[in-house]
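Q: Make a model of the complete structure from these sequences and hints.
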Amino acid sequence: MYRRAHTGVLDHAVQLAGLWYRDVMCVLQDAPELVHNVDRVDALAEDAEGRSVHRLRAAIAHTDETRENWILNPSEELALEALSFRLERELT
0 MYRRAHTGVL
10 DHAVQLAGLW
20 YRDVMCVLQD
30 APELVHNVDR
40 VDALAEDAEG
50 RSVHRLRAAI
60 AHTDETRENW
70 ILNPSEELAL
80 EALSFRLERE
90 LT
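Everything in the sequence shown is counted per numbering that gives the first Met the number 0, starting at 0 for the first residue and increasing by one.
All the pointers check out, no bait thrown in.
Ranges of calculated distance between the beta carbons of each label pair, as one might list FRET restraints: (1) Arg88 to Glu48: 16 to 26 Å; (2) Glu45 to Thr6: 23 to 33 Å; (3) Asp38 to Ser74: 28 to 38 Å; (4) Ile70 to Asp41: 30 to 40 Å; (5) Glu32 to Thr6: 33 to 43 Å; (6) Glu76 to Asp29: 37 to 47 Å; (7) Arg56 to Asn36: 14 to 24 Å; (8) Thr91 to Ala44: 16 to 26 Å; (9) Leu15 to Ala81: 15 to 25 Å; (10) Glu48 to Gly7: 26 to 36 Å; (11) Ser83 to His35: 20 to 30 Å; (12) Gly7 to Gly49: 26 to 36 Å.
Don't read these hints as lab results, they were simulated from the structure.
Positions of the beta carbon are idealized from the N, C-alpha and C atoms, including for glycine.
A: Next comes the structure, spelled out in structure tokens:
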């Protein structure tokens, strides 16, 4: 029971990260009307500075892929570590 709840919390956190990247991409592409985090537009604009749409799309895909693989990967720690390496590669 604990593991399932823990995975659920991690899944939610990764989902929120993916949605943040989506909003950053919307700001970058001058589509503020599509932003969900309207109260954080300044922070989104700051995160959008110097980013490429291609790399943001890849980051979103990595977060989605990680969420899909929770069932296949028995170790949340390894899944998150792999995601962090992918995101670092895409976003730095």
